[in-house]
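Student: Protein chains in written order, with our numbering: chain A, 18 to 382; chain B, 18 to 382.
Treat each hint with caution, since some may be false.
One copy or any two copies: either way a pair holds, since identical chains are not told apart in the list.
Subject to a maximum C-alpha distance of 25 angstroms in a straight line, what follows is the list of computed SDA-like cross-link-like pairs (lysine to any residue) [as the list claims (entries may be wrong)]:
(1) LYS330 to ILE266
(2) LYS287 to GLY54
(3) LYS287 to MET142
(4) LYS323 to ALA22
(5) LYS330 to GLU349
(6) LYS287 to ALA146
(7) LYS287 to ARG147
(8) LYS323 to ASP172
(9) LYS273 to GLY240
(10) LYS287 to GLY140
(11) LYS273 to PRO175
(12) LYS287 to PRO59
(13) LYS323 to LEU62
(14) LYS287 to GLY89
(15) LYS73 to HIS213
(16) LYS347 to ASP143
(17) LYS273 to GLN121
(18) LYS273 to GLU251
(19) LYS287 to GLU58
(20) LYS347 to GLU28
Just so you know, these hints were derived from the structure itself, not from any lab.
Protein chains: 2
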Amino acid sequence: MSSFALSLRAELQQASPVFESFLARFFQENAERYAYGELFEPLYLDMTEFVARRGKRIRPMLLLGAYRVFGGERSLENISLQRAALSLELLHAFILVHDDVIDQSERRRGLPTFHKLVEERLGRMDDAARVGANVAVVIGDILFALAIDTLRSIDFDPALRDAALSRSLHYITDTGAGEIYDILLGTRDIARVAEHDIERMYALKTTRYTFEAPLVLGALLAGGSEELLHELAELIEPVGLAFQIQNDIIEYQKFKGIDRLRQTDLLEGKKTLLLRIAYDRLDDLDRSFLQLCLSTRASNDASVSKIEQLIDKSGAVGELTRRMEVLFQKAETAMDHSSLTTDQRAGLREAVAMVRQQTEQTGTQ
Amino acid sequence: MSSFALSLRAELQQASPVFESFLARFFQENAERYAYGELFEPLYLDMTEFVARRGKRIRPMLLLGAYRVFGGERSLENISLQRAALSLELLHAFILVHDDVIDQSERRRGLPTFHKLVEERLGRMDDAARVGANVAVVIGDILFALAIDTLRSIDFDPALRDAALSRSLHYITDTGAGEIYDILLGTRDIARVAEHDIERMYALKTTRYTFEAPLVLGALLAGGSEELLHELAELIEPVGLAFQIQNDIIEYQKFKGIDRLRQTDLLEGKKTLLLRIAYDRLDDLDRSFLQLCLSTRASNDASVSKIEQLIDKSGAVGELTRRMEVLFQKAETAMDHSSLTTDQRAGLREAVAMVRQQTEQTGTQ
């Protein structure tokens, strides 16, 4: 590993606990802003707890890393950098809260999803599930406002800050469009969902705010040129898709694990690349079977077993694994042909390697 | 009417069609930004149609009015002022879209709510209602991002622009807290909902973004001092509550109108001031009846008639009407004792009068 990559790794390892305590302090210091009375109080604690849950902090760390790699000179402990990094984590929390309502998910980071937290506190009540979902929609909105306000308040050159705000809002819009793709593709039969639509959904829904946003914002705050930001966005796109494929594989492994009726993408009717490729690789008879099992929706054990058997038979996991490696390789090659300096390449590679290491087991969520 | 008030009225009447065509053009010009492919295309048209629906434009007009009243010198047709005004209308649209999902409302401004538009297009499909609601949550988020980006891009002194952004984000947070009050109070028995909680809910959920935000942002862009902005917020608070009371009365009149089983606050379990005051004014026996009818939820004709009869018997509408007039009077008196100049008072009175005129029939929604 290059000495630049080594020192970057060391610096990010040091920045990580700093960020955690910054985050905890941030919610303490902002409590007064949310003093809306006793009805709201437990929700602010839920918000705090939700954001503070041990996530992987991929986005904040990528932002700080990119800031350093692309020539930023402030300490990574600088309060404005920490705020910029936090704003991405808050955006992530907002997106997760809404996404979990949309998917009716029950668990997030090993604990109840936000709407479940609220629902459980309401106890036995006719409408508890609906009230939980409704409150979570609004808390998502409040987290969104907080994320933007946190980025707005960084002490950087006004033009840079403005550009960072503008880009953040664009990334959120892209993410929303991706979420809508996810919802609408979910209503279609797998035969009517094109691979490129799934790839587009992955790019919009996840790559933008998970990889492009942190890298581009970090580089932007470091003073990177328009051309550099554009190049970075292009370089990271295949990496983003590779990580999404990794997610697909991990989700499938979870599904095959102990609790097969537990909620996974597969049982939610999600149109994943895994499913589409499995469908492509099966013969007509098996395709019909797969469509039938998927359309029954109710996750009875027989249809679930059949889906699993068909996916295994298709060899889709193997193909996805190959595609993932090709994409990572493609990104490597693109980096070699980019205008990035040797140190910048080493830094970016190190950042990607760190994310790979962190996500091997559980994905990018 | 003072000559200042007369010229303000004339100027706002002229600004109104200008704003409508600005809004229509805005969505045309931004279409490329939302070119996410054919899946997204109809939703962008829905967004455009939803925002362009003939609303009362209370918020944009109040912002433009306040800008003039508090000394702004640009033409009200200035593109940055129009953008600032539009950002409030976009925020309003975002709030309505989420609010309608939360309340499962079916109609908005005489047409289907956003989630209903999506649901209807999906045709007969098991999950159509849920998919419609999910898409609407995300479209709300996208409108929120668009609102903030629209305000961000105004050509004003950076410090003013930043202050406007900061305040907008705070108003949205207040609105969210108010919405959460609305949701959570809705789960309680009317006997356990305090009047001051309902008033707080009204202030947070509606007054902030409907009255305070436009006036304060308009005055801010005109260069108003911190003290003026603070005073304005205080002056408008009773007016906001008065308009909410007006809404309660209008909603009840609609409820008593032709279609009694149509969706109204009353049948949704909303804890309105009307309901609370009716409860207060009834004797113990009638109170129990009211609680019983409210708790059955299912809007069968018998319980609905009984609720209506009890509210009428309580004389709550009369009391609310008196309270509303007292609040408007209180605002008048406060204005007389304020530091506002004669023209400013006349202008603010004219603005409030215009809103009263526009909302007499249908409320502030």
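Student: Which numbered hints does this structure break?
Tutor: Going through the list in order, the structure violates hints 4, 5, 8, 9, 11, 13, 14, 15, 16, 18 and 20 and respects the others.
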